[in-house]
Amino acid sequence: MVRKLRLTVPAAFGYLMLAGFVGVSLLPFWVAIKTAITQPGDVFQTASSIAPGELTFGNFTRVLGLPSSVELTSVRASPINFALSLRNSLIYTALTVAGQLFFSSLAAYAFARLKFPGRNLMFYGFLASTMIPAIVLFIPNFILIKDLGLINTFAGMVAPTVLMTPFAVFFMRQFFLSAPRELDEAAKLEGASAFQIFWRIALPIQAGPMATLAILLSINSWNEFFWPFLVGRGEDVRVMAVALSDFMSQTSQRTPDWSGLMAALTLSILPVIALLFVFGRQIVESLQSSGMK
Amino acid sequence: MSFLKIENVVKRFGALPVIKGVSLSAEKGEFVVFVGPSGCGKSTLLRLIAGLEDVDEGTLTIDGEEVTHAEPARRHVSMVFQSYALYPHMTVYQNIAFGLEIARQPKPEIDRRVQEAARILQIEALLQRKPRQLSGGQRQRVAIGRAIVRNPKIFLFDEPLSNLDAELRAQMRVELARLHKNLGATIVYVTHDQIEAMTLADRIVVVRAGVVEQIGSPADLYDRPANMFVAGFIGSPKMNLFQANVTAVNAGTITVASAVFPTGKWEIAGPFLRMPEVGSTLTLGLRPEALTIGGGEPIAAFSVDLTENLGGSTQIYGRAKDGTNLTVLAHQRTELSSGDRLEVSLGTGLLHVFDGDGLALRV
Ligand SMILES: Nc1ncnc2c1ncn2[C@@H]1O[C@H](COP(=O)(O)OP(=O)(O)O)[C@@H](O)[C@H]1O
Ligand SMILES: [Mg+2]
Numbered sequence: 000m001v002r003k004l005r006l007t008v009p010a011a012f013g014y015l016m017l018a019g020f021v022g023v024s025l026l027p028f029w030v031a032i033k034t035a036i037t038q039p040g041d042v043f044q045t046a047s048s049i050a051p052g053e054l055t056f057g058n059f060t061r062v063l064g065l066p067s068s069v070e071l072t073s074v075r076a077s078p079i080n081f082a083l084s085l086r087n088s089l090i091y092t093a094l095t096v097a098g099q100l101f102f103s104s105l106a107a108y109a110f111a112r113l114k115f116p117g118r119n120l121m122f123y124g125f126l127a128s129t130m131i132p133a134i135v136l137f138i139p140n141f142i143l144i145k146d147l148g149l150i151n152t153f154a155g156m157v158a159p160t161v162l163m164t165p166f167a168v169f170f171m172r173q174f175f176l177s178a179p180r181e182l183d184e185a186a187k188l189e190g191a192s193a194f195q196i197f198w199r200i201a202l203p204i205q206a207g208p209m210a211t212l213a214i215l216l217s218i219n220s221w222n223e224f225f226w227p228f229l230v231g232r233g234e235d236v237r238v239m240a241v242a243l244s245d246f247m248s249q250t251s252q253r254t255p256d257w258s259g260l261m262a263a264l265t266l267s268i269l270p271v272i273a274l275l276f277v278f279g280r281q282i283v284e285s286l287q288s289s290g291m292k
Numbered sequence: 000m001s002f003l004k005i006e007n008v009v010k011r012f013g014a015l016p017v018i019k020g021v022s023l024s025a026e027k028g029e030f031v032v033f034v035g036p037s038g039c040g041k042s043t044l045l046r047l048i049a050g051l052e053d054v055d056e057g058t059l060t061i062d063g064e065e066v067t068h069a070e071p072a073r074r075h076v077s078m079v080f081q082s083y084a085l086y087p088h089m090t091v092y093q094n095i096a097f098g099l100e101i102a103r104q105p106k107p108e109i110d111r112r113v114q115e116a117a118r119i120l121q122i123e124a125l126l127q128r129k130p131r132q133l134s135g136g137q138r139q140r141v142a143i144g145r146a147i148v149r150n151p152k153i154f155l156f157d158e159p160l161s162n163l164d165a166e167l168r169a170q171m172r173v174e175l176a177r178l179h180k181n182l183g184a185t186i187v188y189v190t191h192d193q194i195e196a197m198t199l200a201d202r203i204v205v206v207r208a209g210v211v212e213q214i215g216s217p218a219d220l221y222d223r224p225a226n227m228f229v230a231g232f233i234g235s236p237k238m239n240l241f242q243a244n245v246t247a248v249n250a251g252t253i254t255v256a257s258a259v260f261p262t263g264k265w266e267i268a269g270p271f272l273r274m275p276e277v278g279s280t281l282t283l284g285l286r287p288e289a290l291t292i293g294g295g296e297p298i299a300a301f302s303v304d305l306t307e308n309l310g311g312s313t314q315i316y317g318r319a320k321d322g323t324n325l326t327v328l329a330h331q332r333t334e335l336s337s338g339d340r341l342e343v344s345l346g347t348g349l350l351h352v353f354d355g356d357g358l359a360l361r362v
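Sequences listed follow chains Z and L, in order.
The first sequence begins at 0 in numbering that gives the first Met the number 0 and counts up one residue at a time.
The second sequence begins at 0 in numbering that gives the first Met the number 0 and counts up one residue at a time.
FYI, nobody ran anything at the bench for these hints, they're computed from the structure.
Quick caveat: nothing in here was measured; it's all calculated off a predicted structure.
We treat Cβ as the ideally placed atom computed from N, Cα and C, and that holds for glycine.
Careful: at least some of the hints might be erroneous.
[Unchecked claim] Distance windows between CB atoms, simulated:
#1 Z:278 to L:135: 27 to 35 Å
#2 L:102 to Z:210: 27 to 35 Å
#3 L:132 to Z:210: 17 to 25 Å
#4 Z:222 to L:162: 45 to 53 Å
#5 Z:139 to L:162: 26 to 34 Å
#6 Z:148 to L:65: 42 to 50 Å
#7 L:305 to Z:287: 23 to 31 Å
#8 Z:210 to L:115: 50 to 58 Å
#9 Z:234 to L:102: 49 to 57 Å
[As the list claims (entries may be wrong)] Okay, derived cross-link-like pairs now, SDA-like style, lysine to any residue, Cα gap no bigger than 20 Å in a straight line:
#10 L:237 to Z:124
#11 Z:114 to L:12
#12 L:106 to Z:176
#13 L:129 to Z:114
#14 L:237 to Z:114
#15 Z:114 to L:52
#16 Z:114 to L:300
#17 L:237 to L:300
#18 Z:114 to L:46
#19 L:152 to Z:234
#20 Z:114 to L:106
#21 Z:33 to L:107
#22 L:129 to Z:202
#23 Z:114 to L:49
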């Protein structure tokens with residue numbers, strides 16, 4: 000008997016649903032890309048169509064501030080300094096990710112391995128704090144940062160997340176818990192201090208999960224908008240996500256520069272997409288083994 | 000004073016006592032083996048000595064210093080874990096050197112000692128490998144290397160051979176014995192395997208359910224088990240145990256009755272620790288390897304159920320008139336078939352006698 004790929008009605012329906020979901024999630028990306036490769040003047044004529052208008056890469060060169068696009072710069076100048084925003088985004092992301100990785104894994108290790116009174120109570124209290132909506136925290140945090148004089152500084156921008164986030168702590172704690180306890184004990188017998196055990200044994204064997212966490216946090220930080228928007232709007236510290244919003248508010252007479260915005264947006268998510276392509280599989284595996292998703 | 004002294008140690012997990020008042024001691028250079036069934040508390044006892052668990056009651060002394068609640072590192076003990084617990088991200092060299100580095104030894108000194116340990120254990124060629132690139136036996140050696148390089152006061156081994164196959168286990172057993180002799184190390188070794196205990200130990204501590212049942216040399220435990228548990232646990236194949244009634248008590252001898260004896264009764268000579276009462280029930284023990292086919296006066300008669308030919312010797316399983324199972328390890332090849340009747344004598348072997356509480360009645 001020849002085995003055929005059996006496409007039963009429920010299976011076909013399932014695939015159709017999946018295809019639908021994929022289509023719905025990819026549609027906004029396509030719209031962004033389509034707009035980015037359309038002449039600024041044609042955006043509204045082609046808005047209702049799925050296909051782009053007359054193709055151009057002028058929007059990309061324009062937002063990058065490249066000189067070759069003379070005729071387009073006369074149409075519209077880019078309001079942002081792409082290179083500076085990129086630098087700021089990199090600094091912001093590097094600081095928040097490095098800080099969270101280090102401090103969260105310290106906290107996670109303590110919750111997983113050290114014995115101290117009230118440990119579990121503290122941990123669950125810590126987890127419960129994730130239930131407080133971020134929006135509630137913005138105002139008190141903003142006032143604090145303002146009073147500290149840290150508006151428009153990287154210090155103020157990274158302050159709420161650089162020390163640790165519940166997600167990162169919970170994520171790493173799961174991995175520390177599942178590591179063999181004998182490794183810690185062997186090091187303890189050899190005279191290692193709690194920090195030496197953490198730094199030289201417990202942490203290095205979690206290199207894989209740490210890398211995954213680093214990528215997840217990077218994507219998060221890269222896309223962070225509201226908090227940097229509140230405290231970091233100065234040109235020198237403005238991250239990409241905040242800078243992009245300038246496309247929408249540049250003049251009072253003219254409509255926002257949609258094609259410029261979409262071109263810059265497309266360029267700004269390229270690093271994230273690259274990360275996902277390279278490490279996507281590892282991220283999924285780590286998330287599954289941490290039991291979080 | 001003993002090198003290692005444990006006095007009345009109690010350990011509870013929650014409300015549950017796991018070590019119930021254990022006292023024992025080990026001399027410098029002695030090889031002490033804790034043996035007992037799974038879950039009896041051997042590992043816990045070892046971890047208490049190491050300081051990985053905290054003692055609830057009692058005291059612990061190492062080399063004249065009380066260390067009951069001392070930090071593990073201050074006790075100067077090395078432990079070889081059942082899982083080996085090698086640091087997976089470090090090379091063999093780094094694994095062995097780690098403790099010395101923590102102790103801030105100078106680099107040349109570390110190198111000298113790592114090379115020395117590697118030479119003793121014949122793992123010089125493996126020093127740059129990672130643990131996952133090693134076989135079970137090689138990992139075992141690295142774990143031992145990590146222990147000896149620190150020159151500890153006491154070595155603690157927790158079932159170190161249980162993850163190896165039978166052949167490697169036998170080989171490592173010999174090497175451990177040699178290592179002990181060469182290093183003159185004080186070793187506390189945990190196993191559930193009584194053969195390991197018998198072959199390695201200077202002294203065996205038999206543990207059951209958190210209580211020490213008997214402490215003694217392998218020969219002591221074999222010849223004079225203090226109770227039925229030790230009698231059944233030490234020795235392979237297991238000692239034959241069967242019940243007998245006391246029919247007469249005379250000066251220094253007692254007479255017992257059982258269907259196992261060819262004549263139905265047997266006279267046992269003392270000296271006894273306590274004299275049993277007439278009419279009480281005793282448990283008697285005969286080691287399978289102490290029984291001889293033919294020879295002197297037969298002590299047991301039975302019909303053969305099954306024989307296993309082991310090459311040079313034969314293991315015979317039989318059943319006495321009243322259904323009591325008996326095992327005989329004959330030191331020759333025998334041609335027997337099921338249903339054959341057989342009589343065996345004790346020769347110079349020992350008849351073990353236990354009272355109703357399972358305690359030995361003879362010294
Ligand atoms: N950390 C622990 N918490 C609770 N119970 C434990 C713990 N460690 C061991 N036990 C219990 O103590 C008993 C003895 O364990 P263990 O010392 O590991 O036995 P063994 O090594 O002789 O097999 C077992 O019943 C085990 O379940
Ligand atoms: Mg154990």
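Hint check:
1. Z:278 to L:135: 27 to 35 Å: holds (33 Å)
2. L:102 to Z:210: 27 to 35 Å: Cβ of residue 102 of chain L to Cβ of residue 210 of chain Z: about 32 Å, so the range 27 to 35 Å holds.
3. L:132 to Z:210: 17 to 25 Å: At 22 Å between Cβs, range holds.
4. Z:222 to L:162: 45 to 53 Å: For residue 222 of chain Z and residue 162 of chain L the Cβ distance comes to about 48 Å; the hint holds.
5. Z:139 to L:162: 26 to 34 Å: violated (56 Å)
6. Z:148 to L:65: 42 to 50 Å: violated (57 Å)
7. L:305 to Z:287: 23 to 31 Å: violated (52 Å)
8. Z:210 to L:115: 50 to 58 Å: Violated - the Cβ-Cβ distance for residue 210 of chain Z and residue 115 of chain L, about 38 Å, lies outside 50 to 58 Å.
9. Z:234 to L:102: 49 to 57 Å: holds (54 Å)
10. L:237 to Z:124: violated (57 Å)
11. Z:114 to L:12: The given pair, whose Cα atoms are some 15 Å apart, holds under the 20 Å limit.
12. L:106 to Z:176: violated (34 Å)
13. L:129 to Z:114: violated (31 Å)
14. L:237 to Z:114: violated (45 Å)
15. Z:114 to L:52: Since the Cα atoms of residue 114 of chain Z and residue 52 of chain L sit roughly 12 Å apart, the hinted pair holds (cutoff 20 Å).
16. Z:114 to L:300: violated (62 Å)
17. L:237 to L:300: holds (19 Å)
18. Z:114 to L:46: Holds, because 17 Å separates the two Cα atoms, which is no more than 20 Å.
19. L:152 to Z:234: Cα-Cα ~65 Å, so violated.
20. Z:114 to L:106: violated (34 Å)
21. Z:33 to L:107: Given pair residue 33 of chain Z, residue 107 of chain L is violated - Cα atoms ~66 Å apart, limit 20 Å.
22. L:129 to Z:202: holds (17 Å)
23. Z:114 to L:49: holds (18 Å)
Hint violations for this structure: numbers 5, 6, 7, 8, 10, 12, 13, 14, 16, 19, 20 and 21, all remaining hints satisfied.
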